[in-house]
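Asker: Chain by chain, the residues run as shown.
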Amino acid sequence: MPNGDKRKTYLQYALGILAESGWILALTALALLLAVVAKAIWR
Amino acid sequence: MIVRPRKDDHLVIGKYTGKVIVGVGLLMVIPLLVSLGFGEWDTAIDFVISISACLVFGFGTQLFCRTEKDMNWSHGLVVAAGAWIWATALGALPHYLSGHAGSYLDTLFDVMSGYTTTGLYLLQDLDHVANGLNMWRHLLTYAGGQGIVVVALTFLFKGTAGAYKVYVGEGKDERLMPNVIQTARAIWLVSLTWLGVGTVALTATGIWLGQGPVRAFFHAMWVFMGAWSTGGFAPQSYNTLWFHSLTYEVICIVIMIAGSFNFALHWAMWSGDRKEIRKNVETISMFVTLTLTTMIATFWLAKANVYPDAMSLFRKVFYQIVSGHTTTGFSTVYARAFVTQWGTIGMVVTTIAMAIGASACSTGGGIKGIRMGIMSKAFLQDIRRMISPESALIAQKFHHIRDVWLDDGLVRSALTISIAYVTLYAVGTVIGVLYGYPIAEAAFEMVSAASNTGLSAGVTAPSMPDLLKITYFFGMWLGRLEFMSVFALFGYAWSIVRGK
Amino acid sequence: MRRLATIAAAVALIASVSVAVPAWASDAPLPPNKPDSTELINKMNVPGDVTKGLFWNGKTVTFHGEAIGEVMVRGDYAWIHLNDDAYMIKNVEEGAKLGGYNSGMAVWIPSAQTKTIDTYGDYQHEGSIVEIEGVFNGACKEHGGDMDIHATSLKVLREGHVVADPTPPWKAILAVVLAVAAGALYWAERKYRHIVAPNRGV
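Protein chains in written order, with the working numbering: chain W, 18 to 60; chain V, 147 to 646; chain G, 1349 to 1550.
Everything labelled a hint here was simulated from the structure, so no lab data went into it.
Quick caveat: nothing in here was measured; it's all calculated off a predicted structure.
Ideal placement from N, C-alpha and C gives every residue a C-beta, glycine not left out.
Do not rely on the hints blindly, as some may be mistaken.
Claimed, not checked - Footprint (simulated), chain W over chain V, 3 or more residues, beta carbon under 8 angstroms:
#, segment
1, 400-411
2, 418-426
To be verified - Cross-link-like lysine to aspartate or glutamate pairs, in silico, DMTMM-like; alpha carbons within 25 angstroms at most:
#, chain 1, residue 1, chain 2, residue 2
3, W, K23, V, D419
4, W, K56, G, E1490
5, V, K449, G, E1490
6, G, K1400, V, D455
7, G, K1489, V, D455
8, V, K523, V, E536
9, G, K1539, V, E214
10, W, K56, V, D455
11, G, K1503, G, E1481
12, G, K1539, V, D216
13, G, K1400, G, D1513
14, V, K543, V, D455
15, V, K153, G, E1537
16, V, K646, W, D22
17, G, K1519, G, E1442
18, G, K1503, G, E1537
19, G, K1407, G, E1481
20, W, K56, G, D1397
21, V, K421, V, D549
22, V, K523, V, D216
23, G, K1539, V, D455
24, G, K1445, V, D612
25, G, K1391, V, E628
26, W, K25, V, D419
27, V, K449, G, D1397
28, V, K425, V, D554
29, G, K1407, V, E320
30, V, K215, G, E1537
31, V, K421, V, E536
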């Protein structure tokens, strides 16, 4: 595979990992928000 | 009429089972090297014995079962299930030879738990176990997560027709690539890349947290393997509570959830289709059920005033629920704390998360997101049919990499397998209750085993009744292989006895 | 009379110390923790009611155990983990009888005080037995809800040591025999792989 294509492929892999991690971290932030809300309701 | 298998059938099954076991033996070279590196001579000898035993079995069966015939569907299923049993029996040798196990049954339990990426264990004095043995324990989950068969497919199988049948027999049926060998390699590419990224991230964090570099590296690699494979083994008896770190926990959460994704999803995301994560029926299903279970557990534990502030509440609840829902089994609370701090409601919510489980064609277990999605859509479709005029044709689609028509065949198989899981959960719970365990704990533990999660409420212990160990053993196995190949194996045995 | 009493007391004291010192220096079992790690995790204020909390939460305890794994220094304070289970004195490699899982407690202590711990337990070491005094937290606010003890004092009761795990002769012999057998079968399988009997390939 020519170098340009290989680099593009690795870039796709990296972007894939970042996209997956981003989605998960967003879920994590939502969970933190739920905890903050819960503690506000039940002091 | 049951047809008795002919000699050729036994030969094909024997030959390919032998190949898989050779693969297991070769895999053991990694922990052997680790033991040698640390000067753990007795453990190294344990591995020489175990590797040799695998090779004797593997080459011996191949020698005895020489044939040019390829596998058909039933062969594939039988090899998948049968290889697991032999791989367990032989893979248990390092555990047994270490002296840390109460009995051979205990080691079978631990190794089945490893391959099925469950994470329950009966090994005693884990904090004094050799690095080589810890390497083997974690490698079991990493290899088992891919599928022992996938491991063998990558290196040892030639030809693709029969190979695909074994691949499906192990519980996967996603065709990432046109050819099953290429699919196996694609799965490895995803897993190894994440292994590199995850191990580096955790090693750096470990060093920052005060670990020595060697311990930080090995712990990072092992914890990664436990998280990615959604296995849940950890190098210390304190599991991931050992690190006392928000950063370590968040990285683990990312790896656990990523590890619970369908390999086809990873492949789509890595091939440029990054919208897939928002459109896929399984990620949507997990988003919904994870949020709901987290919300219920958070509100309950806030009301019960178990955790003093929002950060503690978030860290404890989300980590345990994610661990349960992805069927990993990592914990930052002690097993009995589920009983003494989370209580019945906390345990029930966690049990539901475990029961639902991860995505299909992933390292995770449980009923699985795709079935939850299919069943929900089917239910909605039925409602629409009822309220629409009789002549209207209501057809429904769902999105899983590509748009798929929701046809009755798909719905039927989703329902039957889901019922099989629920039945398995129920049977194991009843056995636990008959032994005197409270129902919430018995259910928690059996669902944990059969969904291959590995969280424990304290029922699993070396002193547990043998029949319960055997129940969880079969629960783990049936759950991981999604029933079909295990039934095929028993059917094969039955047909030898009863066939004409 | 008073002098007699003083002499008797002194004799009793010397006698008890001379018995105790050898006991502390040997493999002899230590008096069990009260509370031990199991009780810390399990004892509830109202059994069955999680809303009423753990009994030992917030109370000061004296706890001893084998220092396991490593010390993780985080600035002025550090984490150690003390196991008070069946493997506290000897581990399995040294011949300890199997007695269930490990059990212990995480301890947060000023790092300076951990310098006296010379050995941490693992496969090749039996860790120092360390006694700490501190406050037990069922869900520590400072540490994200972790169950821990915030210790204020630390004392090494017994030094740790290196553990050997010798290989019994039968294992070495078995290893050689099986390795040779494996080699032979590998060679045989390769040689005869394509010599398939007639009708076997149909």
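Asker: Where does the structure disagree with the numbered hints, that is, which hint numbers, in rising order?
Answerer: 13, 14, 16, 18, 22, 23, 25, 29, 31
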